[in-house]
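Engineer: Sequence:
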Amino acid sequence: TVTNRNKVIERCQRMGKQVHFATLMELCHIKHSELDKKYWTYKGRLVLRGDTVTDDTGFYAVFSEQGTSASHLAAAKFLDAVARMPGNDGQDCDAIGAYHQVILADMEECRNLETWISLPRTFRPKEWDKYDDPVCLLTRNLYGHPLAGLFWERHARKGIMAEGFEPCKGWECLYVHKEKQLFLSVYVDDFKMAGNAKHLLPMWERLGKRFDLDPQTPLHNTVYLGNQQVTIN
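Taking the numbering used here, the leading residue of the sequence shown gets 44, the next gets one more, and so forth.
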């Protein structure tokens with residue numbers, strides 16, 4: 044979709060369509076830096092500069108102030124207890140590139156909005172040299188976008204509830220499946236499920252058809268919400 048920025052502006056103004064322009068930024072950081080060094084993981088990614096998004100006139104873009112829901116540590120500990128009950132178990136599972144699984148055009152806020160991005164020069168294909176100010180269309184939800192977390196939360200909630208889960212009243216990001224006797228806590232891209240052991244694997248398989256998920260891991264001796272979980276003998 045690469046083209047010159049002025050071409051995008053001309054077309055969107057002619058069609059009465061809203062347009063945003065953004066740039067990308069390279070990041071490298073240490074995940075779990077608050078824990079012992081043995082738990083550190085170096086992460087590198089390209090993210091959207093959410094603080095410099097502009098419209099077709101050059102003014103800063105305005106976004107909804109609606110935020111994402113909070114995942115509570117109390118809910119995570121509750122699932123730890125549930126997993127240790129007779130006949131129960133618990134497992135963790137990460138969504139792969141969670142935000143990227145969302146198609147922007149599927150979000151209500153983006154139905155009359157296009158977002159175009161400029162790539163860092165070191166990442167531009169050589170054939171882009173013929174453009175004066177090259178931009179390409181952003182089709183997927185990208186880390187750094189002011190509404191990225193909200194878009195992913197809506198996408199996750201829709202898929203989770205489609206599999207029979209219900210939100211737990213008074214507990215944000217916690218769901219219950221009464222028929223299968225399962226609880227599911229979601230912390231951004233971390234899915235944590237506990238309950239009736241015989242229903243865990245079939246439910247992961249069902250969720251795996253709706254989300255791109257890593258293989259599930261045993262609940263104990265993992266890090267969730269920044270806390271190390273240990274097995275109690």
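None of these hints come from the bench; they were simulated from the model.
Any given hint could be a false lead.
Each pair of labels, with its calculated beta carbon distance range [claimed, not checked]:
{"#": "1", "residue 1": "154", "residue 2": "57", "range": "11 to 21 Å"}
{"#": "2", "residue 1": "108", "residue 2": "86", "range": "23 to 33 Å"}
{"#": "3", "residue 1": "46", "residue 2": "110", "range": "15 to 25 Å"}
{"#": "4", "residue 1": "78", "residue 2": "47", "range": "19 to 29 Å"}
{"#": "5", "residue 1": "102", "residue 2": "163", "range": "34 to 44 Å"}
{"#": "6", "residue 1": "128", "residue 2": "60", "range": "26 to 36 Å"}
{"#": "7", "residue 1": "102", "residue 2": "179", "range": "20 to 30 Å"}
{"#": "8", "residue 1": "82", "residue 2": "129", "range": "42 to 52 Å"}
{"#": "9", "residue 1": "47", "residue 2": "201", "range": "29 to 39 Å"}
{"#": "10", "residue 1": "73", "residue 2": "162", "range": "17 to 27 Å"}
{"#": "11", "residue 1": "73", "residue 2": "108", "range": "43 to 53 Å"}
{"#": "12", "residue 1": "139", "residue 2": "75", "range": "10 to 20 Å"}
{"#": "13", "residue 1": "129", "residue 2": "163", "range": "33 to 43 Å"}
Where a beta carbon is used, it is the ideal one built from N, C-alpha and C, also for glycine.
Engineer: Please go over all the hints and tell whether each is borne out by the structure.
Structural biologist: Evaluated hints:
{"no.": "1", "hint": "154 <-> 57: 11 to 21 Å", "in the structure": "18 Å, holds"}
{"no.": "2", "hint": "108 <-> 86: 23 to 33 Å", "in the structure": "28 Å, holds"}
{"no.": "3", "hint": "46 <-> 110: 15 to 25 Å", "in the structure": "34 Å, violated"}
{"no.": "4", "hint": "78 <-> 47: 19 to 29 Å", "in the structure": "47 Å, violated"}
{"no.": "5", "hint": "102 <-> 163: 34 to 44 Å", "in the structure": "24 Å, violated"}
{"no.": "6", "hint": "128 <-> 60: 26 to 36 Å", "in the structure": "54 Å, violated"}
{"no.": "7", "hint": "102 <-> 179: 20 to 30 Å", "in the structure": "22 Å, holds"}
{"no.": "8", "hint": "82 <-> 129: 42 to 52 Å", "in the structure": "31 Å, violated"}
{"no.": "9", "hint": "47 <-> 201: 29 to 39 Å", "in the structure": "37 Å, holds"}
{"no.": "10", "hint": "73 <-> 162: 17 to 27 Å", "in the structure": "26 Å, holds"}
{"no.": "11", "hint": "73 <-> 108: 43 to 53 Å", "in the structure": "30 Å, violated"}
{"no.": "12", "hint": "139 <-> 75: 10 to 20 Å", "in the structure": "18 Å, holds"}
{"no.": "13", "hint": "129 <-> 163: 33 to 43 Å", "in the structure": "55 Å, violated"}
Hint compliance for this structure: hints 3, 4, 5, 6, 8, 11, 13 are not met, and every other hint is.
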